[in-house]
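Student: What follows is each chain in one-letter form.
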Amino acid sequence: MLAYTEKIRETASRLLKENKVDVFIGYKKGTVPMMNEPVLISDPEKADILYWDSNCGLNLCNYLTKRTDRIGILANGCNSRNIVTHIIENQIKRDQLYIVGIPCTGMIDRRAVMRAVNNKEILDVKEDGDQFTVKGKDFEETFDTKNFLQSNCASCSHRNPVEYDEMIAEPVEEQTGVEPYKDVEEIEQMSSEEKHDFFVRMISKCIRCYACRNVCPLCYCPTCFVDESKPQWVGKSTDTIDTMTFHFLRAYHCAGRCTDCGACERACPMDIPVRQFTKKLNKDVQELFSWEAGLSLDQRPPLDVYRPDDYNDFIR
Amino acid sequence: MTDKIFTKQEWIEALKGLQDTYRILVPVKDGDFHSFKSLEEGKEPDFNYLNSRLSPKSLVFPQSERMFEYSLDEKDPDVNILKESQKDYSPQAIVGIRPCDAHAFQIVKLNFDNPEYRDPYWVQRFESTTLVGLGCNEPGSTCFCTETGGGPFSEKGLDVMLYDLGERFLVKGLTEKGEEFLNKAKGGSPADDAALKDAETLKGSASDKIVSEVHTDKLREKVVKDLFNAPFWEDVAFSCINCGTCTFLCPTCWCFDIQDEVLGKEGDRIRNWDSCMFPLFTLHGSGHNPRDKKFQRVRQRFMHKLKYYDDKYHNGIQCSGCGRCVRYCPANIDIRQVAELMNNF
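Residue numbers (the numbering used here), protein chains in the order written: chain A, 241 to 556; chain B, 200 to 544.
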């Protein structure tokens with residue numbers, strides 16, 4: 241995907257020069273290995289700062305909420321699905337956007353890479369085709385990218401954008417036969433007590449920094465329920481019940497809206513696999529409503545529609 | 200002061216022996232990262248580490264700390280009376296703490312223990328803590344302790360210093376508190392000249408391994424308002440998601456919020472870490488928020504660390520260069536770059 245960089249720079253520069261957009265949102269190369277930083281440029285001369293490789297794991301849609309200008313934005317499969325969700329939910333207007341589509345082959349799971357070199361300090365990572373080379377003080381190893389993808393990317397079936405104004409390259413082949421919910425099924429098999437213990441253990445490291453929430457494009461409430469203070473809904477300490485309340489409620493708020501972009505898990509400073517919560521709901525919504533979020537601008541998510549002829553009695 | 204040599208096994212045995220007197224806190228591998236845990240939890244310490252993911256500040260300043268308890272039961276004769284919660288201030292030792300994190304306690308101390316204000320919880324717990332540092336033979340690429348008045352073998356704030364000589368530790372007492380700790384430690388032998396020489400060599404070469412340059416020399420002379428109104432804050436803040444990662448992982452961020460939590464007729468007054476990144480941090484009772492915008496909150500964090508702190512205490516910047524925020528910021532906002540921007544403005 242490294243080859244996209246030049247094309248992205250050209251495109252952003254052209255869009256800004258032709259005054260098709262006021263600003264362009266992409267990534268710049270990070271200051272530490274396997275991290276790139278979202279960036280906004282308004283000067284076509286600054287387009288050279290833009291960069292793309294397999295470490296663009298934050299979701300750029302998060303930076304669109306309630307903007308009023310005309311925005312050029314990069315979007316791979318999941319990001320484009322979040323943009324669609326944003327448009328449906330009136331967080332941004334379609335005609336404000338110029339979506340530059342990225343056919344995506346997945347993002348590198350930097351924690352898996354660190355593990356593979358026994359958590360020794362990585363000083364440099366270079367991508368080359370389907371491989372990348374990791375260098376440290378006294379080691380150098382080359383890995384196949386496909387073996388080190390974030391787990392959401394490994395099981396992704398929407399790698400190409402669903403909504404775009406132009407594409408940066410030809411679409412990539414979509415993966416078929418992926419099994420995204422194996423881990424969820426394992427948890428489903430547990431007894432209530434086992435599930436409880438599993439989740440308590442999982443969140444025991446949580447420091448309530450809210451990185452998972454803040455990095456998520458779905459979390460745009462003006463005041464999150466955990467931040468309500470008049471009255472306060474949730475305790476602020478590291479008490480297990482409060483922390484669990486936060487994670488569960490956040491996940492429920494994302495039901496039918498989550499695209500499994502993986503930004504939450506990537507952002508967590510404590511390595512908590514927070515997607516365990518949202519994935520279960522994605523699975524349920526798919527099974528109950530045959531729904532995957534953000535695939536069409538014409539249909540609202542199943543949990544935010546009301547129909548008088550709903551087949552469920554309780555809601556009529 | 201004592202200079203002793205322990206084999207690494209002898210040192211761990213000595214620590215186990217000290218558990219009668221101290222709660223011994225050591226770095227333990229916990230998944231993919233290290234946390235400070237009590238030796239008695241049955242895990243082996245791992246001193247072969249870069250640094251802990253969370254700074255050890257929570258061992259003196261817990262993320263959530265109960266200050267008072269009270270009853271709301273009208274039948275209770277002590278109804279509505281705040282009673283101080285029972286605290287454990289028995290001696291503890293943080294063994295293997297990195298010099299940057301020990302330096303950080305000194306930076307924080309000016310806030311919690313000064314002529315105007317003395318935080319009873321922080322001060323008592325700090326006073327009951329012995330800091331046994333482990334010098335950094337191989338500092339990380341994001342470390343910049345030498346740029347903040349510390350160094351990989353800086354003794355600032357430490358009571359004891361360990362030098363990792365491969366198979367052995369050279370253990371140096373630095374303060375009275377440290378001497379007391381070492382006097383109680385069993386085993387070891389007096390340090391030989393060769394060991395002392397090796398330690399000096401280590402110390403000399405480690406500073407050269409700090410590759411991050413952060414210049415803050417011109418910050419003191421800058422006018423606060425100029426920096427405050429600098430044009431770069433919106434750009435710096437663009438990618439920020441306003442989470443609490445930087446502040447919660449930081450060894451020198453000290454802000455807290457006080458909350459009452461009630462269950463039935465019993466209440467607790469708790470203080471919890473707070474973060475200037477959160478909008479709620481400055482939300483007034485009136486509904487007004489003086490730091491309503493993201494860039495204002497981001498600016499606050501960097502201005503506090505790099506400008507206000509030094510302006511107030513004349514003690515350098517409020518940063519010990521541990522590099523945690525650089526490594527773990529989900530959006531990759533890098534304090535090293537922000538410091539350069541401010542210094543060159």
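It is worth saying that the hints were derived from the structure and are not from the lab. This one's a predicted model, so the numbers in the text were calculated from it and none came from an experiment. The reader is advised that the hints may include incorrect statements.
Claimed, not checked - PhoX-like cross-link-like pairs, simulated, lysine-lysine; straight-line CA separation at most 20 Å:
{"hint": "1", "chain 1": "B", "residue 1": "Lys228", "chain 2": "A", "residue 2": "Lys445"}
{"hint": "2", "chain 1": "B", "residue 1": "Lys215", "chain 2": "B", "residue 2": "Lys236"}
{"hint": "3", "chain 1": "B", "residue 1": "Lys242", "chain 2": "A", "residue 2": "Lys445"}
As the list claims (entries may be wrong) - Now the stretches of chain B that chain A is said to cover, found in silico as 3 or more residues with beta-carbon under 8 Å:
{"hint": "4", "region": "253 to 266"}
{"hint": "5", "region": "334 to 345"}
{"hint": "6", "region": "521 to 528"}
Ideal Cβ placement from N, Cα and C applies to all residues, glycine included.
Student: Each hint: holds or not?
Tutor: Here's how the hints hold up against the structure:
1. Lys228/B to Lys445/A: holds (13 Å)
2. Lys215/B to Lys236/B: Satisfied, since the Cα-Cα distance of roughly 13 Å is no more than 20 Å.
3. Lys242/B to Lys445/A: Answer holds: Lys242/B to Lys445/A is near 17 Å, not above 20 Å.
4. 253 to 266: holds (count 3)
5. 334 to 345: Our answer is that it holds, as 4 residues pass the Cβ test (under 8 Å) against chain A, meeting three.
6. 521 to 528: Holds: 3 residues of the region 521 to 528 of chain B have a Cβ under 8 Å from chain A.
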